[in-house]
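Protein chains: 2
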Amino acid sequence: MSTALFDYYQANREKHLQGLFELLRIPSISALPEHKPDIRRAAESLANDLGAMGMKNVEVIEGKEKQNPLIYAEWLEAPGKPTLLLYGHYDVQPVDPLDEWISPPFEPTIRNNNIYARGAVDDKGQVYLLSKAVEGFFKTEGKLPVNVKFLLEGEEEVGGEFIDEYVAAHPDRLKADAALVCDTEFFGPELPTLTTGLRGLVYTELEARAAAHDLHSGQFGGAAPNPMQALAEMITRLKGPDGKILIPGFYKRVKRPTAAELASWKKLPFNEKNFMKKEIGTTALVGEKSFTVLERLWSRPTLEVHGIRGGFTGEGAKTVIPAVGTAKISMRLVPEMNPNEIIRLYKSYVKKITPKGIRTAVRILSSAPASVVSTDSRWIAAGAEALEQVFKKKTVYMRSGGSIPVVGTFQKFLKTPSVMMGFGLPDDNLHAPNEKFHLPNFYRGIETVGRFLEILGG
Amino acid sequence: MSTALFDYYQANREKHLQGLFELLRIPSISALPEHKPDIRRAAESLANDLGAMGMKNVEVIEGKEKQNPLIYAEWLEAPGKPTLLLYGHYDVQPVDPLDEWISPPFEPTIRNNNIYARGAVDDKGQVYLLSKAVEGFFKTEGKLPVNVKFLLEGEEEVGGEFIDEYVAAHPDRLKADAALVCDTEFFGPELPTLTTGLRGLVYTELEARAAAHDLHSGQFGGAAPNPMQALAEMITRLKGPDGKILIPGFYKRVKRPTAAELASWKKLPFNEKNFMKKEIGTTALVGEKSFTVLERLWSRPTLEVHGIRGGFTGEGAKTVIPAVGTAKISMRLVPEMNPNEIIRLYKSYVKKITPKGIRTAVRILSSAPASVVSTDSRWIAAGAEALEQVFKKKTVYMRSGGSIPVVGTFQKFLKTPSVMMGFGLPDDNLHAPNEKFHLPNFYRGIETVGRFLEILGG
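Chains P and L, in that order, are what the protein sequence lines are.
Residue 193 in numbering that gives the first Met the number 0 sits at position 194 of the first sequence, and the numbers go up by one each step.
Residue 11 in numbering that gives the first Met the number 0 sits at position 12 of the second sequence, and the numbers go up by one each step.
Any given hint could turn out to be false.
Straight-line Cα separation of at most 30 Å, DSBU-like style, residue types lysine-lysine; simulated pairs [claimed, not checked]: (1) P/K277 - P/K288; (2) P/K277 - L/K80; (3) L/K251 - P/K251; (4) P/K346 - L/K266; (5) P/K351 - L/K355; (6) P/K272 - L/K288; (7) L/K355 - P/K266; (8) P/K351 - L/K346; (9) L/K243 - P/K355; (10) L/K272 - P/K355; (11) L/K35 - P/K355; (12) L/K351 - P/K288; (13) P/K288 - L/K254; (14) L/K251 - P/K355; (15) P/K276 - L/K393; (16) L/K80 - L/K254; (17) L/K277 - P/K276; (18) L/K251 - P/K351; (19) L/K251 - P/K277; (20) P/K251 - P/K277; (21) P/K355 - L/K277; (22) L/K355 - P/K254; (23) L/K393 - P/K243; (24) L/K277 - L/K288; (25) P/K355 - L/K254.
Read the hints as simulated data drawn from the structure, not as lab findings.
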């Protein structure tokens, strides 16, 4: 890295940290409509920052009424150099259960060299480090080593509908040689990592309806259908106790990873006992016995129940047979499963297993295919090199069991491959209380992205 | 009925209705701690009323810190006459889902000759009619035809712990020849009914715990145990799709009703299709095929899931594997099942069916045995006669699938049999939105209780 750039990043660590804190204080929760104004504040704060540093054509792009804005910004004054599309999301997950947070989710706090806050690592911390890495070039050289387009979204945690529509509608504006998607994590501490595959997602609500209104379980129990019992029955018919999903045709298109990829995963420092006890805190792992744990997480589809709404769940003893219950159920997809086909199979199977006296309805909240990227492109090579130079360790390759639907969107509409370079750690409590971002990774993330741009520009 | 008493009841209908409205406006929900002050207001209003009419030794009896007060009042100036214990409860169920109420639950409204309000029939309307029936004697004759003790409670909807303790500790004060429990309903409109049996209840919370904290379903799905899936599996192992409860030993002590009782139920005007479509509003009934619907509701035990807490149930798509889930599960008991034995069998079976990676805990929120009363006592005969005289129809006998634990308590600690005479109707929406009390039954309930006292005093 150029000495000036390195010195700039070092000298501005505290300033960058305080800037991130300001962004983290905005509760930009996309799942809860009451946080719409916070979504807007976060978007405007990021857009103002990009404009102030020297990015051009900065725009807060409005979608349809319920959609959250995208942020676009570009700097295209490096003729002959590659064009890089930088992606991250400024929306965050809800914070419940709130009482399990040690410090308030929107009051960022440093403990044990970590930044604790909702969104610290997923993904506001990583969005912010992208912008600060780019700003370093403007401040030290007045220009960037490559052409850069930012595209930041505010709906990643709720399905990312708008970015999908926008990318599909504006391929010329967004076209790039590669995308840098900064929303992933290292395989372990001090183990620089590029992610080369993601699972897809189909997120559904399964509603079971029985009586016309709630019933007294004394008066009606024994003869009236109970939607809670029906959902329990249906859930056990969707996934068996062995982790196998029982929807006919579900596994039909599942493609195993290559032998080389499977062999490389075997070499990763994965300690199953540690994963079980430290990362999860449970007494046993579950799932398909004939696959290793990493395969179950990265290259096998799954089905999970996230919560069941309906009936009485408060304090005390209300004896109600609810009229309706709704289970939030998602499926993770792997290559080459087709989300639309899976939705079709799921809906038709749900109809088949609906118990007597129950009427079911399925709502699809979001869907995205899985994606894999090739490990031998120049973009991946540059990312690996940048990581190695900053972290002084060999870069490893992994997949992620989560979904970053935008990677599939960039591939589909822009034919742009993604470098998934993120700086989280496996125990960062994503989507859970006490989310954190390892402070040194925030600083080194800025340096790595800076170095990545230098390499691509050089 | 004495002409003076009859005329008094007729002349004061509007006054009685307005008095009930005032009581119904107090949101005395016992399941929600924030309504403690309303519980107290309701208790004091009733106690003041009893004192003002002429009852003696009126007392609002305080329990332990979290308990809701009892109301006691007596009038014992009819030597040689029987002593009657009058029971009802002034607490009500929660009101959710609030948006399904046509008029606000605590703003009583008359529509179609019904009083709509939470507690209209269960049980504030019936508590109030007891007191107004008694008041009629004071106003017309200055004395009562029998000795009377009131015992009103404020915890019936949450387990009735305090009344149990209090009755056990004060048998001499409460001793009576019979109790009049006014918290039941008619088998059908214009069909005066005495209830001769009640199911018991064991209400539990089944908690399933897996990870130390909520997990991201992308990162961990496929290998981490999911408490929601575990609860679904356990629920289907507690009760099969045929309605049979699978806890070993559960049916061991179940006693069938006598042949005469079963024969009398066959004569009741029960229309299964009407019950299914009008009262429940469903497309099929469920449960044990080898028993009639009335047997399933009155003389067979059952198990129901009331709600499942945990995970994410709000708007949107949160991809969480919750650390913990809790199912509210109750069992209805019939004679001669023993609640403590059922709790033991349930707990030990839950342990056995707990899936790998899950730690379960069972909490018992309340329990009470079933109770049956003999149809050939003089108390039942007097109740039947009073009903017939006011309603001009032959009284029928039924059981109820619900629980009135206090009936068992009176039997156990006072050796006092209960006459369960209540004036609700089957479609009164107990424990549900739009609870109602048929207005003519409120007025005739007052007359019937008055006539009942006259008959016993005569």
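Verification of the hints:
Distance restraint check for P/K277 and P/K288: the Cα-Cα separation of roughly 21 Å lies within the 30 Å cut-off, and the hinted pair is therefore satisfied. Distance hint between P/K277 and L/K80 is unfulfilled; the C-alpha atoms sit about 73 Å from each other, more than 30 Å. Distance check on the hinted pair: L/K251 and P/K251 sit about 47 Å apart at the alpha-carbon level, beyond 30 Å; violated. Restraint check: the Cα-Cα separation between P/K346 and L/K266 comes to about 45 Å, which exceeds 30 Å; the hinted pair is violated.
With a C-alpha separation of about 29 Å, the suggested pair P/K351 and L/K355 falls inside the 30 Å cut-off, and the hint holds. Proximity of P/K272 to L/K288 is assessed by CA-CA distance (about 48 Å); at most 30 Å being required, the pair is judged violated. As the CA atoms of L/K355 and P/K266 are separated by approximately 28 Å, the hinted pair is consistent with the 30 Å bound. About 33 Å separates the Cα atoms of P/K351 and L/K346, which puts this hinted pair outside 30 Å; it is violated.
For the suggested pair L/K243 and P/K355, the alpha carbons sit about 15 Å apart, so the restraint of at most 30 Å is met. Distance check on the hinted pair: L/K272 and P/K355 sit about 15 Å apart at the alpha-carbon level, within 30 Å; holds. The straight-line distance between the Cα atoms of L/K35 and P/K355 is roughly 41 Å, outside the 30 Å bound, and the hint therefore fails. A C-alpha spacing of about 22 Å is found between L/K351 and P/K288, which places the hinted pair at or below 30 Å, so the restraint holds.
The straight-line distance between the Cα atoms of P/K288 and L/K254 is roughly 46 Å, outside the 30 Å bound, and the hint therefore fails. Simply put, L/K251 and P/K355 have alpha-carbon atoms about 28 Å apart, close enough for the 30 Å limit, and the pair holds. With a CA separation close to 69 Å, the supplied pair P/K276 and L/K393 exceeds the 30 Å bound. At roughly 36 Å between alpha-carbon atoms, L/K80 and L/K254 are farther apart than 30 Å, so this suggested pair is violated.
Taken as a hint, the L/K277 and P/K276 pair is broken in the structure, with Cα atoms around 53 Å apart against an allowance of 30 Å. For the given pair, L/K251 sits about 35 Å from P/K351 by alpha-carbon distance, which is inconsistent with the 30 Å threshold. A hinted pair counts as satisfied when its Cα atoms are at most 30 Å apart, and L/K251 with P/K277 does not qualify at roughly 45 Å. Restraint check for P/K251 and P/K277: the C-alpha separation of about 35 Å exceeds 30 Å, so the hint is violated.
Of the pairs offered as hints, the one joining P/K355 and L/K277 holds, with about 18 Å between alpha carbons and a cut-off of 30 Å not exceeded. Distance check on the hinted pair: L/K355 and P/K254 sit about 29 Å apart at the alpha-carbon level, within 30 Å; holds. Of the supplied pair hints, the one linking L/K393 and P/K243 is violated, its CA atoms being roughly 60 Å apart against a limit of 30 Å. With a C-alpha separation of about 21 Å, the suggested pairing of L/K277 with L/K288 holds against the 30 Å cut-off.
For the hint pairing P/K355 with L/K254, the CA-to-CA distance comes to about 29 Å; that is within 30 Å, so the pair holds.
In summary, the numbered hints that this structure violates are 2, 3, 4, 6, 8, 11, 13, 15, 16, 17, 18, 19, 20 and 23.
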